[in-house]
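Chemist: We have chain H already, so just place chain C on it with the hints.
As they're listed, the protein sequences go chains H and C.
Under this note's numbering, residue 151 is the last one in the first sequence; the count climbs by one each step, no gaps.
Under this note's numbering, residue 456 is the last one in the second sequence; the count climbs by one each step, no gaps.
Hints may be right or wrong, so weigh each one.
[Said to hold, decoys possible] Listed next, the in silico DSS-like pairs over lysine-lysine satisfying Cα-Cα at most 25 Å (straight line):
#1 C/Lys360 <-> C/Lys68
#2 H/Lys124 <-> H/Lys109
#3 C/Lys53 <-> C/Lys440
#4 C/Lys417 <-> H/Lys24
#5 C/Lys68 <-> C/Lys435
#6 H/Lys134 <-> H/Lys106
#7 C/Lys417 <-> H/Lys134
#8 C/Lys447 <-> H/Lys24
#9 C/Lys254 <-> C/Lys435
#10 C/Lys447 <-> H/Lys124
#11 C/Lys209 <-> C/Lys185
#12 H/Lys29 <-> C/Lys417
#13 C/Lys49 <-> C/Lys440
#14 H/Lys118 <-> H/Lys144
#15 H/Lys86 <-> H/Lys144
None of these hints come from the bench; they were simulated from the model.
Predicted model only: the values in this text are computed from it and were never measured.
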Amino acid sequence: MDLNSVYTELIMEHNKNSRNKHSLEGADLSEHGHNPSCGDDITLELKFDEDIISDAAFTGSGCAISQASTSIMIDLIKGKSIEEALELVETFIAMIKKDIKDPQELRKLKDAMALKNISNMPARVKCAVLSWYTLKEALNERN
Amino acid sequence: MKSKQEYAVKENSLSDKFAPKYKDDFPILNQQINGKDLIYFDNAATTQKPESVLDAVDNYNRTINANPHRGAHTLSIRATEAYENAREKVKDFINAEKSEEIIFTRNTTESLNLLANSMEALVEEGDEILISVLEHHSNILPWQQLAERKNLKLKYLYPDQNYRIQLSELREKLNEKTKILSISQMSNVSGVINPVKEMIELAHQNDALVVVDGAQGAPHLKTDVRALDADFYAFSGHKMLAPMGIGVLYGKKALLEELPPFLKGGGMIEYVKEQDSTYAPLPEKFEAGTPNVEGAVGLQAAIEYLEDIGLDKIKEHELELTEYALEKMGELDYVEIAGPTDLEDRGGIISFNLRDIHSHDLATIVDSEGIAIRSGHHCAQPLMKFYQLNSTGRISFYLYNTKAEVDKFIESLDKVREVFGYGS
Chain H
9 MDLNSVYTEL IMEHNKNSRN KHSLEGADLS EHGHNPSCGD DITLELKFDE DIISDAAFTG
69 SGCAISQAST SIMIDLIKGK SIEEALELVE TFIAMIKKDI KDPQELRKLK DAMALKNISN
129 MPARVKCAVL SWYTLKEALN ERN
Chain C
33 MKSKQEYAVK ENSLSDKFAP KYKDDFPILN QQINGKDLIY FDNAATTQKP ESVLDAVDNY
93 NRTINANPHR GAHTLSIRAT EAYENAREKV KDFINAEKSE EIIFTRNTTE SLNLLANSME
153 ALVEEGDEIL ISVLEHHSNI LPWQQLAERK NLKLKYLYPD QNYRIQLSEL REKLNEKTKI
213 LSISQMSNVS GVINPVKEMI ELAHQNDALV VVDGAQGAPH LKTDVRALDA DFYAFSGHKM
273 LAPMGIGVLY GKKALLEELP PFLKGGGMIE YVKEQDSTYA PLPEKFEAGT PNVEGAVGLQ
333 AAIEYLEDIG LDKIKEHELE LTEYALEKMG ELDYVEIAGP TDLEDRGGII SFNLRDIHSH
393 DLATIVDSEG IAIRSGHHCA QPLMKFYQLN STGRISFYLY NTKAEVDKFI ESLDKVREVF
453 GYGS
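If we strip away everything but chain H, and leave its shape as in the complex, we get (with noise of 0.2 Å):
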């Protein structure tokens, strides 16, 4: 196992400065997450313009892997509509499980690509994935 594919620089920086993380005054929406074998738990907020979501944050505590996964979620689907950002989080978990064999499908996910290789430590996947279901659930509750 390569350390560096999986802690990369830009996952380093996410998790140490991430300008995703505090709490989002007038949020419309306020998810938890939680991984109860590993303790990472995060709370999500979200804003909506109609069925664009226009702001984002998180709160909460977890490893490098979680937090960084989470604030580069929030990058990615600041000012995308809910639909899109349901297919965004199909990708991702796609990704991690492996589903996706073709990469210029996974293009779409910009910086979460960089979590691609997390597909190849089980033990860390939850990790990974974790906001994203967050999100999910969040969306779902809003539609």
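Modeler: For chain C alone, coordinates are given in the frame of chain H:
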């Protein structure tokens, strides 16, 4: 040149000679993980098996295997003998009075669930159950559910600033309503050993029954259930060199006779009629279904192996490693120990965090150096909450660990800091 004192310490160091002598008995330890010699520091979760245990299980399966207690044929009789010999061994191991006081279960969790289920017959609405915040989830949830079913109060003992539960705390929480005290012999997070003997004495003065969770105790501490006067004592084979899936519940005979059975089915009956049945005597009453005979045989071999070396010597070795690791970790300013740093009343378990690094990242990175450690909440969420920790890394020692391994582990911590871009 070494000073005389240093030399003396080295000469007297049991650990330097101790573990290498036994490590070769464990084939699994002789391998590389991620290109590095395996260092196994997750013994509080499960331990490895020596050749003698592997051979005993293999021999049982190759030459003896049959359903015990049921057949008239030779193999069934031999399987019964093997199973009952193991029970006898366990009885002697914890110095129980009678072999029918030894119930084989799957593990500590099942033993505790059996008790919380069957002890329902002994409690009434308004009674109190006392446990501690140190407990593993398996010594919390069964009692929580019993409390819910019967409308009982579940109360907690809390440790002091030095991570120990004081007897004064127990005195304060015990009252005439306390029917059950269930307490771990050793914490699986901080490694603290509870003053179980004194606790039992106090609880008995209040007519409460005492359950001791020996999951971390039995593998490391010479335990005498009669000297402790424990009413019940539970432990797992796999944390003491035996296979997974074999565990033990000890209970005083009169109490076990009083309790109704837990699981029902084959092997635990006397007469079965269409509408009602009578149960087999102890221990079969609590052993429904075909038992794990190969597990019991493995447990016997594990006990023989441990007794051959001596639990006291193993404990001494573990404490030497603990002292050494605490000293080395204490030299690193980024290490925060989540537990006591003294050696009083403790076993070879150290929970800790590296500043600004989550324990899962820590475990992943030291794994890349071939070092197996545990990370997370260690099935003790109430304790983690009490100490306001999200998670910790944990190292835990057994007889085959060495000081050289501790050195490599300490080196790997610098690597963890490096990966995260902190200076070491």
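Chemist: So, for every hint listed, does it hold in this structure?
Modeler: Going through the hints against the structure:
1. For the suggested pair C/Lys360 and C/Lys68, the alpha carbons sit about 22 Å apart, so the restraint of at most 25 Å is met.
2. For a cut-off of 25 Å, the pair hint linking H/Lys124 to H/Lys109 stands: about 12 Å separates their Cα positions.
3. Taken as a hint, the C/Lys53 and C/Lys440 pair is honoured in the structure, with Cα atoms around 19 Å apart against an allowance of 25 Å.
4. Distance hint between C/Lys417 and H/Lys24 is fulfilled; the C-alpha atoms sit about 24 Å from each other, no more than 25 Å.
5. Our distance criterion of 25 Å between C-alpha atoms is met by C/Lys68 and C/Lys435, whose separation comes to about 17 Å.
6. Note on H/Lys134 and H/Lys106: the hinted pairing holds, with a Cα-Cα distance of about 14 Å set against a maximum of 25 Å.
7. At most 25 Å may separate the alpha-carbon atoms for a hinted pair to count; C/Lys417 and H/Lys134 meet this at roughly 22 Å.
8. Taken as a hint, the C/Lys447 and H/Lys24 pair is honoured in the structure, with Cα atoms around 18 Å apart against an allowance of 25 Å.
9. As the CA atoms of C/Lys254 and C/Lys435 are separated by approximately 24 Å, the hinted pair is consistent with the 25 Å bound.
10. A threshold of 25 Å between alpha carbons decides the hint, and for C/Lys447 with H/Lys124 the separation of about 23 Å falls inside it, so the pair holds.
11. Taking the CA atoms of C/Lys209 and C/Lys185, the gap is near 9 Å; set against the 25 Å cutoff, the hint holds.
12. Annotation: proposed proximity of H/Lys29 to C/Lys417 holds, straight-line Cα distance about 22 Å (limit 25 Å).
13. Annotation: proposed proximity of C/Lys49 to C/Lys440 holds, straight-line Cα distance about 18 Å (limit 25 Å).
14. Restraint check for H/Lys118 and H/Lys144: satisfied, since their Cα atoms lie roughly 19 Å apart, inside the 25 Å limit.
15. Taking the CA atoms of H/Lys86 and H/Lys144, the gap is near 14 Å; set against the 25 Å cutoff, the hint holds.
Violated hints are absent here; each numbered hint is respected by the structure.
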